Each structure stands twice: as C-alpha cells, then as structure tokens.
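**Q** In the order they appear, the protein sequences are chains A and B.
Letter by letter, the first sequence follows residues 1 to 377 in our numbering.
Letter by letter, the second sequence follows residues 1001 to 1075 in our numbering.
Treat the hints as calculated values from the structure; they're not laboratory data.
If you're wondering where the values come from, they're calculated on a predicted model, not measured in any experiment.
The C-beta atom is built at its ideal place from N, Cα and C for all residues, glycine as well.
One thing to keep in mind: the hints can contain errors.
Okay, derived cross-link-like pairs now, SDA-like style, lysine to any residue, Cα gap no bigger than 20 Å in a straight line [what the hints assert, rightly or not]:
(1) B:K1023 / A:K102
(2) B:K1041 / A:D359
(3) B:K1073 / A:L53
(4) A:K40 / A:T67
(5) A:K89 / A:T29
(6) B:K1020 / A:K198
(7) B:K1041 / A:T7
(8) A:K75 / B:K1073
(9) B:K1073 / B:L1028
(10) B:K1020 / A:H51
(11) A:K75 / B:V1019
(12) A:K281 / A:E212
(13) A:K36 / A:A2
(14) B:K1041 / A:Q276
(15) A:K102 / B:M1016
(16) B:K1073 / B:G1011
(17) A:K198 / A:K102
(18) B:K1023 / A:K65
(19) A:K198 / A:M353
(20) A:K283 / A:E325
(21) A:K281 / A:K311
(22) A:K20 / A:L52
(23) A:K75 / B:S1013
(24) B:K1023 / A:Q323
(25) A:K102 / B:K1041
(26) B:K1023 / B:L1012
(27) B:K1073 / A:K40
(28) B:K1057 / A:T29
(29) A:K266 / A:D361
(30) B:K1073 / B:L1058
(31) B:K1041 / B:G1075
(32) B:K1041 / A:D361
Far from chain A, some chain B residues (derived; all Cβ distances over 12 Å) [what the hints assert, rightly or not]:
(33) K1023
(34) D1026
(35) D1040
What follows is each chain in one-letter form.
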Amino acid sequence: MALKNMTPQELAKMVINGDKLFILDVRNTDEFDDWKIEGKGIDIINVPYFHLLDGVDGILGDLPKETPILVVCAKGGSSEFVGEQIVEKGFNQVFSLEGGMKAWSEYLEPVKIADLPNGGSLYQFIRLGKGCLSYMVASNGEAAVVDAARMIDVYENFAKKNNLTIKATIDTHLHADHISGGRALALATGATYYLPPKDATEVTYQYEPLEEGHDIVVGHSTMNVHPIYSPGHTIGSTSLIIDDKYLLTGDILFVESIGRPDLAGKAEDWVSDLRQTLYNKYKKLSEDLIVLPAHFSHIHEMGDDGAVKAKLGALYEVNEGLQVEDEATFRRMVTKNLPPQPHAYREIRQVNMGKLTPDMDEQREMEIGPNRCAVHE
Amino acid sequence: MDAEKILDAKGLSCPMPVVKAKKAIDDLQPGDILEVHVTDKGARNDMPAWAQASGHKLVKQIEEGNVLKFWIKRG
Chain A
1 MALKNMTPQE LAKMVINGDK LFILDVRNTD EFDDWKIEGK GIDIINVPYF HLLDGVDGIL
61 GDLPKETPIL VVCAKGGSSE FVGEQIVEKG FNQVFSLEGG MKAWSEYLEP VKIADLPNGG
121 SLYQFIRLGK GCLSYMVASN GEAAVVDAAR MIDVYENFAK KNNLTIKATI DTHLHADHIS
181 GGRALALATG ATYYLPPKDA TEVTYQYEPL EEGHDIVVGH STMNVHPIYS PGHTIGSTSL
241 IIDDKYLLTG DILFVESIGR PDLAGKAEDW VSDLRQTLYN KYKKLSEDLI VLPAHFSHIH
301 EMGDDGAVKA KLGALYEVNE GLQVEDEATF RRMVTKNLPP QPHAYREIRQ VNMGKLTPDM
361 DEQREMEIGP NRCAVHE
Chain B
1001 MDAEKILDAK GLSCPMPVVK AKKAIDDLQP GDILEVHVTD KGARNDMPAW AQASGHKLVK
1061 QIEEGNVLKF WIKRG
C-alpha cells in the first residue's frame, strides 16, 4: 500500500458525516494547542514531526489498525514524510492532508439551507478550518454574497455553475478575525459592495452604505435582503432578514454564544449596544426566524447536514449569552475573562479598511487559527 | 558567533530544514555550534522546538530579510 492524499474537500465530507478518522497532527505543540481539526468521529493526537526524524517506532502502539489514519502538518510536507514511514510499517489506510492546515483553513463547503420563493435558494458556505460562515442568496439568476471569505474564486465558481450573476456583496460588519473577500469579489464581478457606514469611518475605498430602511433586492422583485441595525460586536454591526424567515446575525449572536464587544478596543462603550440589540431589538423579532450566524466555535453546533443554524426562539431558551437578567452581570460576562483575541486582529481590521495590502502569504499568516469572535470559547 | 559548520537550507520546505539540521548536528561534537539558514517560515517555531526536544541549545535566532538564521549548540 502507498500513502494516499486526502483533499480538504474529502476531509470536510468526513467531518460533516461524522465518519471515524484518526488524525496524527505532526505540527509543533503550540500550534496544535492553538488550533486543530475537530469532528464528531475524529480521534486526534499530536506528535511533532521532529520527534519522528529517527522513525515512527515509538508511536506505532498509539495508531489504530482498523480506522483510517490521516497525517496532518502545516503545509503538507511533513505529513508526507511521516505518513510514508507509517505505511512502511504495514498500516493500510494512511493519508496525508493535501496542503496541510493551510489548505484546510481555506476550504469552504457549501451547504443548501433552504429554497426561497420563486425558485431561489439560500446557501451557507462553511469554513470548517476557521469556523467562519458566509452566505449566498440566489434568486432569479442573481446572487448576493454575505460576509465573503477572501477565497473569492469559490463564490465565483459556485455562481457560474448555478448560472448566477453576483450583484451584491455585503459585510455585516468590519471583520477582525478574517480578511473580507467582499470588496475583492465585488471588483471581480462588477457587484456593489455594502458595508455598515458606522464601521466604515476609516476605510480608504468606495462602498455602498448598508442601512436599515434600505432593502437590497436580489433577482426577483420580492426577494429582499432587509438590514436591521444591531450594534454591539462593532458599532456598525447590521443583521439581515431574508425572506422574512432567516436572520443573518453576523457576529452579534451565535448558536452557542454571543459576540464579543472588544475587538475594536471599545468593549466598555459597546456593551450597552450589545445588550440593547440582544435583549431588546432581537427580542421584538419573530421567534420563528432561523438564526444564521457568521461563526461557530464547536463542531457540535453543526447539524447532521453540516449547516449551522437555530431558531431564534430556541436560542432565547438555551443560549448562555441570552439568559443574563442583570445588566451588571452581563457587562462582566462580555468584558472580563474573554478568550484570547483572534490572531493579528488589529492588522486584519487594517486590511479590511484598505489601509494595509499584504501579499497572499502574509494574508494566510494573519488568518492562522480559530476565529474567536464569541465571548465563550 | 563562531559556528563549526554552516548549513544552507534555503529554498527547502518543511520538514527538510529540520531533517538536514539533525543530520548536520549529529556529525558535530557536543558544544560545537551549527549555523542554519532557512527560508521556510515554518522553521521559525519548529527549529527552536526541535533543538529543545533533542537536548541541543538554541543560542541565537535572527531574521535577515527572508532568511531565518539559527545558531544551535550541540548538547
């Protein structure tokens, strides 16, 4: 048997299906502790490749005989080096993750969330490696993309395959955890780029303001994207209601947590906005709305089909961030003992403002690690 | 710093810089210093982690443009 490659797409299918997989992650331990592949069927261990330069004899007892073994490293070189040695020891199903964690971080898996009236569709693009979620609203040959990742070719190819013209790209807020593809995708397709004006005070480029009261029509004349001003994660954060059924919450409300107010350095100022949005403004919306957030933190937030979603009413029952009656307690929860901030979040905000223009390698480097946009880890 | 040997691992990608550094340092005497030049950024964390895990001592680490330079004393 030879060592086989596993593509990020093949891995994504296994993660979503909950297939059994044993992962040997050979990156150094700091990187592993910071960020690793998760899945319902996944067992994972970390042995840095530089412990295996003299061979893999020391770890053979830790490897399963029946379950497929996937060796993972940063870029795909060391995993081949280690994987080949495991194959030589007589293991049958040994794979190396093609492109390593770098490629895993960039892979987007599209999942259909719903059919919309008049033949339209709503898709969620799951960035499994980073926990980022973006969306495409398709209607009558046109599409809007919400909170696009920087891998814009994914949306372009998907639109082409489905005979859609991308007319609008929308960011619900100025992102701090990942580099937005919204503006680049708009430039590449001739679409209009929308951003909340209160998050755009320092941007260096032209954009169309995303404002409550100004709906965006996609394709069919009744297919409205309806913005709702919902500050708190950032001062401009704006949610989107689609087809009166779906609430795209951006980084304000997640399935298991709520957005953190500190990534622009203004936690104390924005706490009351966050509280107002979650405990007042959202509360007045229909409980039947399906919440579609811009992030997830854990694989168990994902349903059987891979989609990350929940009813707004249900979240008011179970989401920890929505159960805090006392305002002072809430203030403490969202400003104290927060998880570490996302890697390079200051630089990422600068990039998204147009003030920094790093090359592709630098962009990848900035985006390493989990999103960490929620108050709970 | 006086290195006993200089290893040019520029242009090689992970895991080769560490693989070659191990081979090179195995040929040195305890206390000798190996100087390694690498362009793969993964070495920034991996080279020190390998050195420590193998009982060697990272004496110095600098970056000159795209080149990462390490001085490692054999343990």
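**Q** All hints, please: hold or fail.
**A** Here's how the hints hold up against the structure:
Under the criterion of a C-alpha separation no larger than 20 Å, the hint pairing K1023 of chain B with K102 of chain A is inconsistent with the structure, at around 28 Å. Our distance criterion of 20 Å between C-alpha atoms is met by K1041 of chain B and D359 of chain A, whose separation comes to about 15 Å. Straight-line distance between C-alpha atoms of K1073 of chain B and L53 of chain A comes to about 19 Å, which keeps the hinted pair within the 20 Å bound. Simply put, K40 of chain A and T67 of chain A have alpha-carbon atoms about 14 Å apart, close enough for the 20 Å limit, and the pair holds.
Restraint check for K89 of chain A and T29 of chain A: the C-alpha separation of about 25 Å exceeds 20 Å, so the hint is violated. Annotation: proposed proximity of K1020 of chain B to K198 of chain A is violated, straight-line Cα distance about 53 Å (limit 20 Å). For the given pair, K1041 of chain B sits about 23 Å from T7 of chain A by alpha-carbon distance, which is inconsistent with the 20 Å threshold. A distance of roughly 28 Å separates the Cα atoms of K75 of chain A and K1073 of chain B; the hinted pair therefore is violated under the 20 Å criterion.
Taking the CA atoms of K1073 of chain B and L1028 of chain B, the gap is near 9 Å; set against the 20 Å cutoff, the hint holds. Using a Cα cut-off of 20 Å, the hinted pair K1020 of chain B and H51 of chain A holds, with the two alpha carbons roughly 14 Å apart. Of the pairs offered as hints, the one joining K75 of chain A and V1019 of chain B holds, with about 16 Å between alpha carbons and a cut-off of 20 Å not exceeded. At roughly 13 Å between alpha-carbon atoms, K281 of chain A and E212 of chain A fall within 20 Å of each other, so this suggested pair holds.
Among the hinted pairs, K36 of chain A with A2 of chain A is inconsistent with the structure: their alpha-carbon atoms are about 26 Å apart, more than 20 Å. As the CA atoms of K1041 of chain B and Q276 of chain A are separated by approximately 45 Å, the hinted pair breaks the 20 Å bound. Annotation: proposed proximity of K102 of chain A to M1016 of chain B holds, straight-line Cα distance about 18 Å (limit 20 Å). Proposed proximity of K1073 of chain B and G1011 of chain B is contradicted: the alpha carbons are some 23 Å apart, above 20 Å.
With a C-alpha separation of about 33 Å, the suggested pairing of K198 of chain A with K102 of chain A is violated against the 20 Å cut-off. Proximity of K1023 of chain B to K65 of chain A is assessed by CA-CA distance (about 32 Å); at most 20 Å being required, the pair is judged violated. With a C-alpha separation of about 12 Å, the suggested pair K198 of chain A and M353 of chain A falls inside the 20 Å cut-off, and the hint holds. For the hint pairing K283 of chain A with E325 of chain A, the CA-to-CA distance comes to about 14 Å; that is within 20 Å, so the pair holds.
At most 20 Å may separate the alpha-carbon atoms for a hinted pair to count; K281 of chain A and K311 of chain A meet this at roughly 16 Å. About 25 Å separates the Cα atoms of K20 of chain A and L52 of chain A, which puts this hinted pair outside 20 Å; it is violated. Between K75 of chain A and S1013 of chain B the alpha-carbon distance is near 9 Å, which keeps this suggested pair within the 20 Å criterion. Distance hint between K1023 of chain B and Q323 of chain A is unfulfilled; the C-alpha atoms sit about 59 Å from each other, more than 20 Å.
The suggested pairing of K102 of chain A with K1041 of chain B holds, with an alpha-carbon distance near 13 Å, which does not exceed 20 Å. At roughly 15 Å between alpha-carbon atoms, K1023 of chain B and L1012 of chain B fall within 20 Å of each other, so this suggested pair holds. Of the supplied pair hints, the one linking K1073 of chain B and K40 of chain A is violated, its CA atoms being roughly 44 Å apart against a limit of 20 Å. Proximity of K1057 of chain B to T29 of chain A is assessed by CA-CA distance (about 18 Å); at most 20 Å being required, the pair is judged to hold.
Restraint check for K266 of chain A and D361 of chain A: the C-alpha separation of about 30 Å exceeds 20 Å, so the hint is violated. Of the pairs offered as hints, the one joining K1073 of chain B and L1058 of chain B holds, with about 6 Å between alpha carbons and a cut-off of 20 Å not exceeded. Our distance criterion of 20 Å between C-alpha atoms is broken by K1041 of chain B and G1075 of chain B, whose separation comes to about 25 Å. About 10 Å separates the Cα atoms of K1041 of chain B and D361 of chain A, which keeps this hinted pair within 20 Å; it holds.
At roughly 9 Å from the closest C-beta of chain A, the C-beta of K1023 of chain B falls inside 12 Å, breaking its exclusion from the interface. Non-interface call for D1026 of chain B relative to chain A: violated, since the shortest CB-CB distance, roughly 10 Å, does not exceed 12 Å. Under the 12 Å C-beta cut-off, the non-interface status given to D1040 of chain B relative to chain A is violated; the minimum distance is some 9 Å.
The structure fails hints 1, 5, 6, 7, 8, 13, 14, 16, 17, 18, 22, 24, 27, 29, 31, 33, 34, 35 (numbered hints given earlier, in ascending order).
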